[in-house]
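Enquirer: Chains as they are written, first to last, in the numbering used here: chain B, 1 to 261; chain V, 262 to 570; chain S, 571 to 928.
Hints may contain errors.
In silico negatives: residues of chain S with every beta carbon more than 10 Å from chain B [as the list claims (entries may be wrong)]:
id	residue
1	Q578
2	A606
3	A829
List of simulated lysine to aspartate or glutamate pairs, EDC-like, C-alpha gap at most 16 Å [to be verified]:
id	chain 1	residue 1	chain 2	residue 2
4	S	K584	B	E131
5	B	K153	S	D586
6	V	K415	V	E267
7	B	K98	S	D783
8	S	K584	B	E140
9	S	K580	B	E140
10	B	K98	S	D785
11	V	K291	V	D449
12	B	K194	B	E184
13	B	K98	V	E361
The hints are simulated quantities; they were obtained by calculation from the structure and are not laboratory data. Beta carbons are placed, not taken as given, at the ideal position from N, Cα and C, and that holds for glycine.
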Amino acid sequence: MSGRKIGEVILDLKNISLSFGGVKALQNISFDVREHEIRAIIGPNGAGKSSMLNVINGVYRPQEGDIILRGVHHANMDSYGAAKAGLARTFQNIALFKGMSVLDNIMTGRNLKMKANMLQQAIWFGVAQREELAHRLKVEEIIDFLEIQHIRKTPVGRLPYGLQKRVDLARALAMEPQILLLDEPMAGMNVEEKQDMCRFILDVNDQFGTTVVLIEHDMGVVMDISDRVVVLDYGKKIGDGTPDEVRANPDVISAYLGASH
Amino acid sequence: MAFFLETLLGGLMSGMLYSLVALGFVLIFKASGVFNFAQGAMVLFAALSMARFSEWIPQWLGIDNLFMANVLAFAVSILVMFAVAWLVERLVLRHLVNQEGATLLMATLGIAYVLDGVGQTVFGSGIYKIDVGMPKEPVMMLESVFEGGILINKEDFVAAFISALLVVALSIFFQKTSTGRALRAVADDHQAAQSIGIPLNRIWVIVWCVAGITALVAGVIWGSKLGAQFSLSTVALRALPVVILGGLTSVPGAIIGGLIIGVGEKLSEVYLGPYVGGGIEIWFAYMLALVFLLFRPQGLFGEKIIDRV
Amino acid sequence: MFYRENGQFKTSYKSDQQIFPIPQDRWAIFAIIAFAFFAIPFMVDEYLFRAILIPFLILSLAALGVNILVGYCGQITLGAGAFMAVGAYAAYNFLIRVSGMPALGAILLGGFTAAAVGIVFGIPSLRVRGLYLAVATLAAQFFWDWAFLRVKWFTNDASSGSVSVADIDVFGWIVNTPTDKYLFCLGTLVVFSFMAKNLVRGNMGRQWMAIRDMDVAATVIGIRPLYAKLSAFAVSSFYLGVAGALWGMINLGSWEPAAFSIDRSFQLLFMVIIGGLGAIAGSFFGAAFIVILPIFLNQILPVIGGLFGLEVSIALVSHVEIMIFGALIVFFLIVEPHGIARLWSTGREKLRLWPFPH
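For reference, chain B alone in the conformation it holds in the complex (with noise of 0.2 Å):
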């Protein structure tokens, strides 16, 4: 791998427990993330993988548990604090804003860096002409990291399944974030896709040094870019650790090719 270094732990995940009505998603997890690595959660359907993401970016509030980012502790984390955080994700089912052009989209990351207030907005020239601009040329430098050029004013409804992802992960780049939450960023994709994509979330560990945690059912990909990956079933952690060491764990086999204890 290059030349990046990993860190002390950012994010740490403790005791957490949530649970709907009687159905209980998550029973106290514990994990946690380094700076500059990128860690995955891994485990079968249903086994809380995306509830567990919901948690971490203040989606779902979990009945039990503390996590505590960069020193912070958020027993109660919602998502606008989290973004304001610098935690960014994108979506299993492409959560994107279909009625607005690719470029808006990304545009739409910047939100929080934006400070032109309503009326400065109505008049535009001044104040928010320039912020715009300015912010323009960030959103399309991603837009040139991701190689999406060509589709800039394409309204994002159009676009096939593949190039949709892509932009759901500009548009958490736009965000500038330190932790970048992905759900399964390669399902239903194709080899190349995959290729292209595994690149993307290497080249944005890589070059902008930010941690990743990712939600992904390829064992191929998750045991090849992953530097630590969690197991998660029926809501419970049976495994921890390097690539090397999950597939060595016994429980962790059982869990995934069902067999008995």
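On the provided structure of chain B, position chains V and S as indicated by the hints.
Expert: Only chains V and S this time, still in chain B's reference frame:
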């Protein structure tokens, strides 16, 4: 105390009528996810049809029997409402499958306008009498308990009784018959229901037919009270808070919500109205529902909504 | 000159971000505005001003307000008329109760009052969506209908229940002839349209649309639903309030609460559906359509009836009118949910590529 009870009972009885209209909303919403703004227009349409056919049929057939005329007019009106249901499904709903709720709502607003227009063009835009022999005279009750007793409108009483009967009949239809089961299945999940062979389009026609019948009953009751006239279409606007209060998907919610709104309106008008200039019935119901929404967005009996990402 | 972009290259993001990036569009818009200001006043008669042009301008402004809320932010409202009423009565009260209040100031304050009321009635939108919200906005409609009818303070104890204002005075310009009224409304509409366009193409508009399209994803990238929704309610109500003040003080001169009844609310909603949800131009198309259709039907229906030897009464015309409205709503929702504005832009798209469509 007697006066309070009188107001309360009056409220309960008009509430029963609200329940009836609200039931029409709930039925359609449950089975097709459509918030049917045209329910009021359907009440008006049905009432006009009833009023005019009971006037026309004796002329056409030369019968002189009021009872026969009413029965025939009622039967014809049912057919008319069935035709409306079929046309709505054919011309509108079928083309809007899987659209968002708001789009469907606006479509029913369009339907309401068309029904208002057609109804008044075909049946006329005056005030027409519906005479189904509802008792008009008030009665005194509980004279032994209170001094002077409490005054009750017999007409309201009969109306409440008929509404209650219809509500019970519909509940049985929903719970016990196979069509009812199919309706509930569609309500739960369109696609799943379709995949086990329930014909979606036919179910929708059936629900709109049933809603048409409730509209007809409400129209006849209201029409015999106030005359069949354009203002009947606002009845739906008064029943909306009921649905919000009760929850869009709950039949018992519609009934209890109707009673709460009926009583709330009457009590507020009588005890609060004089201080603020009167006429507060209609917005009071809405405010009641609105405040309620803030604390329980899904209504009294509605199901809690969980966002999935 | 062809409607073509050949040879036009943009060399900076700034030129790409202009309000009308295609030069032909830019010139067309300016030509229309210039024509409206300098040519129309000399061309049309009083009837046309009163019956069509002034109502069209004011209702366009109101439709802009509805479009911001419904089309851009996705929050359905059935109470638009109430906010027009609030604007009208607030402007009226500012004008008669505050001595020395300039008319323009009263109109703007009417708008701000409506905005404040809009925020209050927008609060339910934070908890409820779609259908439930539609009912919540009806609460606003019925409450204000009642308030302006029964609370005498609002109407300055006018015994008839209707209020009236004298001709308004804008920095010494007495707006009293139809031409004056037309020019005043046109100026207001032009300024507010540009501001609306700027809002929707900037950060604010993107936040509204994000909430409309996918609210969970919007919160995850740091858009606060509270701020986005309430700001949409505020801006929308501000536009409606100003439109209401103009409707009362300029178009009608004296008015009653019935001028802003629930029928008005439905009419405004129909305008944006027919014109085009989420398109500024759609507001104008919709307003034009709904102002002109009844007049057109009034002329044409008796003629058609005459052909078949039928007498067409005024009542029949009004029934046919609502039937056609209703049918059109359904038609547009099914066939072209983005309304006339989308038909228009599709046409332009074709023209840009004509005669080689590929």
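Enquirer: For each hint, tell me whether it holds in the structure or not.
Expert: Cross-check of the supplied hints:
no.: 1; hint: Q578; verdict: holds (15 Å)
no.: 2; hint: A606; verdict: holds (22 Å)
no.: 3; hint: A829; verdict: holds (28 Å)
no.: 4; hint: S:K584 x B:E131; verdict: holds (11 Å)
no.: 5; hint: B:K153 x S:D586; verdict: holds (11 Å)
no.: 6; hint: V:K415 x V:E267; verdict: holds (13 Å)
no.: 7; hint: B:K98 x S:D783; verdict: holds (6 Å)
no.: 8; hint: S:K584 x B:E140; verdict: holds (13 Å)
no.: 9; hint: S:K580 x B:E140; verdict: holds (15 Å)
no.: 10; hint: B:K98 x S:D785; verdict: holds (12 Å)
no.: 11; hint: V:K291 x V:D449; verdict: holds (8 Å)
no.: 12; hint: B:K194 x B:E184; verdict: holds (11 Å)
no.: 13; hint: B:K98 x V:E361; verdict: holds (14 Å)
The structure shown violates none of the earlier numbered hints.
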